[in-house]
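First residue of the sequence shown: 558, per our numbering; consecutive thereafter.
What the hints contain is simulated information worked out from the structure, not anything from laboratory work. Check before you lean on any hint, since a few could be wrong.
[What the hints assert, rightly or not] Computed beta-carbon distance windows for the label pairs: (1) P719 to A618: 31 to 41 Å; (2) S575 to D617: 17 to 27 Å; (3) D650 to E707: 18 to 28 Å; (4) G619 to E579: 18 to 28 Å; (5) A651 to D568: 40 to 50 Å.
We put the CB at the ideal spot given by N, CA and C, even for glycine.
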Amino acid sequence: TALASYGAVADSLRFARSPSAEVPAMIEEAVVNGAHLAAALERYEDAARYYRRAAALVDDAGEARSAAFLAAEMAYRAGDWRRTADEMDRFLDAHGSERDGVLEIATAAWRIAEAREATGASARARTAALERVVERFSALGGVSGSEAAEHAAHAAFLLAEPGLAAIDAFAI
């Protein structure tokens, strides 16, 4: 299969020991393509492993951040809420202040909020997770109308919603 072929290149000691200057780029490409293919095949554990490896291999900070986010995202796609929260927390610890990553950062914070809701966490924990989405978006200078803004706006609405019931019940 194609995934096995990518794995053969990515995991080969022979390739890793090659003196050729072209081999590191081939290994990086195999790791990245293997990650994308494993994710598409819903082999989320394999995809996460390849994405973590890609994050360590690539030179570009933005690509490394995106690969680290996608590694964490595999827990979300697998429907493992506890692991989603843990992996996204680790991602935010490593990349949570990178302005260029506002989309991944807001999404990671939103995934944590979703995980808190799905696991029946306390109201306090759910509120803190929603506040984190809004805070991260604002702190990083997120742009209105962006996908990251959608996460922040949704979180802000959910934070305000309990107060809206009192307004709805108000009568003169």
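Here's how the hints hold up against the structure:
1. Checked against the hint of 31 to 41 Å, the pair P719 and A618 passes, with Cβ atoms roughly 39 Å apart.
2. The supplied range of 17 to 27 Å is met by S575 and D617, whose beta-carbon atoms lie about 23 Å from each other.
3. Between D650 and E707 the Cβ separation comes to about 24 Å, which falls inside the hinted range of 18 to 28 Å.
4. At about 24 Å, the CB distance of G619 to E579 agrees with the hint of 18 to 28 Å.
5. Look at A651 against D568: about 24 Å separates their beta carbons, and that is not inside 40 to 50 Å.
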